[in-house]
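For the protein sequence lines, the chains are A and B, in the order given.
Heads up: the first sequence begins at 1 in my numbering, then just goes up one per residue.
Heads up: the second sequence begins at 1 in my numbering, then just goes up one per residue.
Because the hints were derived from the structure by calculation, they are not lab data.
Just to be clear, a hint being listed does not mean it is correct.
[Unchecked claim] Simulated restraints on C-beta separations:
1) B:S51 x A:G197: 34 to 40 Å
2) A:T131 x B:N99: 17 to 23 Å
3) A:G140 x B:V33: 35 to 41 Å
4) A:N94 x B:T196: 49 to 55 Å
5) A:K128 x B:Q5: 52 to 58 Å
6) A:P160 x B:F6: 27 to 33 Å
7) B:Q154 x A:K128: 55 to 61 Å
8) B:F17 x A:N256: 48 to 54 Å
9) B:R68 x A:P160: 30 to 36 Å
10) A:A136 x B:Q5: 55 to 61 Å
11) B:T98 x A:A136: 22 to 28 Å
12) A:G264 x B:F200: 37 to 43 Å
13) B:L21 x A:E28: 49 to 55 Å
14) B:Q57 x A:L135: 56 to 62 Å
[Said to hold, decoys possible] Computed list of lysine-lysine pairs in DSS-like fashion (alpha-carbon distance at most 25 Å, straight line):
15) B:K54 x B:K130
16) B:K130 x A:K141
17) B:K54 x A:K129
18) A:K202 x B:K15
19) A:K161 x B:K15
[As the list claims (entries may be wrong)] Covered stretches of chain B (chain A as the covering partner; in silico rule of three or more C-beta atoms under 8 Å from a C-beta of chain A):
20) 85 to 98
21) 115 to 123
Since this is a predicted model, take the numbers as computed values, not measurements.
Beta carbons: idealized from backbone N, C-alpha and C, even for Gly.
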Amino acid sequence: MKRFIVMFVALMFVVGLCGTLFAQDRLETIKKRGALIAGVKDSTPGFGFVDEKTREIVGYDVDFVRAIANKLGVKLVLKPVTSASRMPQLIEGNIDIIAATMTKTAERAKQIDFSITYFFTGQKFITKKGTVKTLAELDGKRIGTAKGSTSEQNAAKALPKATILSFDDYPQAFLALQQGKVFAVTTDESILANILGKAPNKEQFEIPDIQISDEPYGLGIKKGEKTLVDFVNKTLLDMEKSGEAKKIFDKWFGPNSSTQLQRGNFKITADK
Amino acid sequence: MLKYQFDWSVVTSGKYFEWLLSGLYTTIQLSVVSVILSFILGLIIAIMRMSNFKPVQWFAHGYLEFFRNTPLLVQIFFWYFGSYKILPTAINDWLNRTNFEFGAAVIALTIYTSAFIAEDIRSGVRSIPKEQLEAARSSGFSYIRSMQYIILPQAVRITIPPLINQFLNLMKNSSLAMTIGVAELTYQARQVESYTFKGFEAFTAATLVYVVLSIVITLMVTYYDKRVLSLMKAR
């Protein structure tokens with residue numbers, strides 16, 4: 001036991017030492033390394049998914065980090081992450097930046113820093129056509145969503161009398177809707193629009209104009225890396241000004257895409 | 001060094017404690033209902049498996065092999081989502097108005113566990129000397145009656161410890177019901193995690209509850225072994 005403690009302390013000492021040795025500005029580290037390591041989703045259509053032909057990860061999120069890497073003059077390295085793994089990966093330093101459909105929340109902001117909002121969506125519902133017009137009509141009904149998401153909590157708050165059924169993922173929740181097991185499925189509109197785009201009997205469903213929350217997506221950066229955050233924010237603003245941000249939006253969510261969304265009044269601006 | 005702040009208060013009191021408690025209640029409900037049903041079904045299948053009438057025997061054999069050798073998770077999805085395609089609309093509508101998540105979980109757990117229980121009962125029956133069955137039959141008992149009065153009462157007593165083990169497995173397997181939205185203990189622990197970010201505390205609490213439940217069930221086996229079985233042997 002004593003030996004174990006000694007070894008443990010020694011290990012912690014070494015880890016601590018490494019920490020101080022490598023504790024330099026992240027932006028400098030990226031430039032020196034010649035590569036920006038970005039954590040992206042690899043199975044979220046529209047944002048980060050594997051292209052069937054090229055076998056490479058592509059999407060809205062990927063295009064944004066690519067633009068940042070280009071601006072830095074380094075190459076881009078993509079690392080697939082999940083909703084659960086993205087923050088630990090960033091905090092441990094395995095990735096430099098998160099671009100993985102991450103909503104900016106106060107809880108998350110305690111652990112990591114966020115860039116300015118680069119994508120804006122809201123939580124909506126998908127229902128059988130013509131069944132729902134107002135939020136009140138949904139209360140007391142059975143509502144499907146996915147486990148561990150902010151969607152689940154928002155729905156419980158907005159519809160206190162409804163029964164929230166959490167499935168493992170959205171395709172299952174949508175299957176339950178098709179079979180009449182739930183009355184509606186709720187999550188970010190961007191995800192709903194994609195599910196609807198792929199559904200074989202899409203004409204039977206619709207996304208009514210009922211929004212229960214704002215979901216601003218931000219790029220995640222390790223806490224305290226101010227130079228990197230500033231650089232990313234400046235790049236995002238430049239992309240908006242040059243029209244590149246809108247071009248990327250249209251490429252993935254425009255009228256010719258399979259996931260059609262409205263960009264509306266959204267613009268990348270300096271105020272969070 | 002360790003930056004994680006432990007906060008056990010989230011799972012020992014207040015709203016989240018109530019969630020875990022309601023999860024525990026659902027887990028116990030699910031396990032007890034399923035174990036009773038699967039014992040009855042298992043008994044029927046075991047008798048069918050030992051019957052001399054070939055088609056019945058084949059059916060039971062097929063049932064056992066099929067349900068013992070497919071993953072429980074697949075079976076749960078089959079009963080919950082798959083049954084929709086084969087049932088008439090009226091029944092589907094009725095099921096959707098009821099709490100079908102719980103029902104589908106009970107059906108899947110019952111059928112899955114009954115296959116194991118049937119095999120346990122069968123091995124219990126085989127441990128009874130076959131002369132007893134022959135003696136019963138030559139005394140004028142029918143096959144069913146000699147099973148009912150002579151063989152099964154003894155066999156079930158021997159089978160109780162493995163049966164309680166099946167109960168233990170069933171209780172743990174019931175956590176898979178969370179995949180179709182049954183709010184049992186694991187589901188609630190995950191819920192607490194996503195609301196509080198205190199996953200370590202939530203799952204530790206859930207683990208402890210499962211361990212306590214398992215220990216209680218194991219103690220039942222030990223007690224039974226000591227008292228009942230030794231009495232039987234002494235006789």
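Cross-check of the supplied hints:
1. For the hinted restraint 34 to 40 Å between B:S51 and A:G197, the CB-CB distance of approximately 55 Å leaves it violated.
2. Between A:T131 and B:N99 the beta carbons are some 21 Å apart, a value that agrees with the proposed interval 17 to 23 Å.
3. For the pair A:G140 and B:V33, the beta carbons lie near 27 Å from each other, so the given range of 35 to 41 Å is not met.
4. Between A:N94 and B:T196 the beta carbons are some 25 Å apart, a value that contradicts the proposed interval 49 to 55 Å.
5. The hint said 52 to 58 Å for the Cβ distance between A:K128 and B:Q5, and at roughly 45 Å that hint is violated.
6. Checked against the hint of 27 to 33 Å, the C-beta distance between A:P160 and B:F6 comes to roughly 31 Å, which is consistent with it.
7. Between B:Q154 and A:K128 the beta carbon distance is about 58 Å. The supplied range of 55 to 61 Å therefore holds.
8. Taken as a hint, the range 48 to 54 Å holds for the pair B:F17 and A:N256, whose Cβ atoms sit roughly 52 Å apart.
9. In this structure the supplied range 30 to 36 Å is violated for B:R68 paired with A:P160, their Cβ-Cβ distance being about 44 Å.
10. Against the hinted window of 55 to 61 Å, the Cβ-Cβ separation of A:A136 and B:Q5 comes to about 40 Å, which falls outside the hint.
11. Separation of B:T98 from A:A136 is about 25 Å and conforms to the stated range, judged on CB atoms against 22 to 28 Å.
12. A beta carbon spacing of about 41 Å between A:G264 and B:F200 agrees with the range 37 to 43 Å that was offered as a hint.
13. Range check, B:L21 to A:E28: about 52 Å between beta-carbon atoms, so the 49 to 55 Å window is met.
14. Our hint of 56 to 62 Å for B:Q57 and A:L135 holds, since their Cβ atoms are close to 59 Å apart.
15. Straight-line distance between C-alpha atoms of B:K54 and B:K130 comes to about 20 Å, which keeps the hinted pair within the 25 Å bound.
16. A hinted pair counts as satisfied when its Cα atoms are at most 25 Å apart, and B:K130 with A:K141 does not qualify at roughly 59 Å.
17. Taking the CA atoms of B:K54 and A:K129, the gap is about 53 Å. The hint is violated against a cut of 25 Å.
18. Among the hinted pairs, A:K202 with B:K15 is inconsistent with the structure: their alpha-carbon atoms are about 40 Å apart, more than 25 Å.
19. For the suggested pair A:K161 and B:K15, the alpha carbons sit about 17 Å apart, so the restraint of at most 25 Å is met.
20. Counting residues of the region 85 to 98 of chain B whose beta carbon lies closer than 8 Å to any beta carbon of chain A gives 3, which meets the minimum of three for the stated coverage.
21. Counting residues of the region 115 to 123 of chain B whose CB falls under 8 Å from any CB of chain A gives 0; the rule of at least 3 is not met.
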